[in-house]
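Enquirer: Sequence:
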Amino acid sequence: HGIQQDLTKKIYDHGPWYYEMQELGFNYRLTDFQAALGLSQLKRANQGMDRRKEIANKYFQTFAGKSFIKGQSGIVPGHAYHLYVVELERRTELLNHLRESNIFSQIHYIPAHLMPYYRQLGWKEGDFPYSERYYSQCLSLPIYPTLTSEEQDYVIKTILNFYNV
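Heads up: the sequence shown runs through residues 629 to 793, numbered per our numbering.
These are computed hints drawn from the structure, not numbers from a lab. On a predicted model such as this, the values are computed, not experimentally measured, just so you know. Worth double-checking, as some hints may not be accurate.
Restricting the straight-line Cα-Cα distance to at most 25 Å, the calculated cross-link-like pairs of lysine to any residue (SDA-like) are [unchecked claim]: (1) K671 <-> E715; (2) K686 <-> Q780; (3) K686 <-> G699; (4) K694 <-> E715; (5) K681 <-> D660; (6) K686 <-> H725; (7) K681 <-> H707; (8) K785 <-> H736; (9) K785 <-> I731; (10) K681 <-> Q765; (11) K694 <-> Y791; (12) K694 <-> E682; (13) K686 <-> P705; (14) K694 <-> L767; (15) K671 <-> K694; (16) K698 <-> Y772; (17) K681 <-> M743; (18) K686 <-> Y712; (19) K686 <-> N789; (20) K698 <-> L788; (21) K681 <-> I784; (22) K698 <-> N685; (23) K694 <-> E717; (24) K681 <-> E779; (25) K694 <-> Q780.
The following label-pair restraints were derived from C-beta to C-beta distances [stated by the list, open to error]: (26) L665 <-> A708: 16 to 22 Å; (27) Y772 <-> L667: 19 to 25 Å; (28) K694 <-> G653: 40 to 46 Å; (29) G653 <-> L711: 42 to 48 Å; (30) Q675 <-> H725: 29 to 35 Å; (31) A664 <-> V793: 29 to 35 Å.
Quick reminder that beta carbons are idealized off the backbone N, C-alpha and C, glycines included.
With the hints as constraints, model all of the structure from the sequences given.
Expert: As structure tokens, this is what we get:
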């Protein structure tokens, strides 16, 4: 929360209730409605994760051994497959091609040290070259429980066609 309690100040200056805000923080308490919605979604969590695993497996099987794409190293037990991230040649060109084909992929994640907050602390481009290289090549492919097999086939076909495979 960005709130700290200094026990010495607490006891001697103000009392046991005293705290100070040292930096901006956040409060993530749920409303009753959000909690009820979350509980109802938990009942379907395994179904959604199973579907994500099917989608991830199809991507893995399709792209295994392809020189232009480096995917995840197989299906991992317990993995939620929130994202399916691959490393690619010509990532930005492919991203634009996918968008022109009405396929919305995403880049995850911009290295933290390149964000304005961390730049103001003195971090700069080149400080973490491996992170920056990965960022320049990574792309998250569509993966969500309601993605149909036909839609995934279209994603795969569009990627393979882009690389002339």
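Enquirer: Of the hints stated earlier, which fail here?
Expert: The structure conflicts with hints 1, 5, 15, 17, 29 and 31, although it agrees with all the remaining ones.
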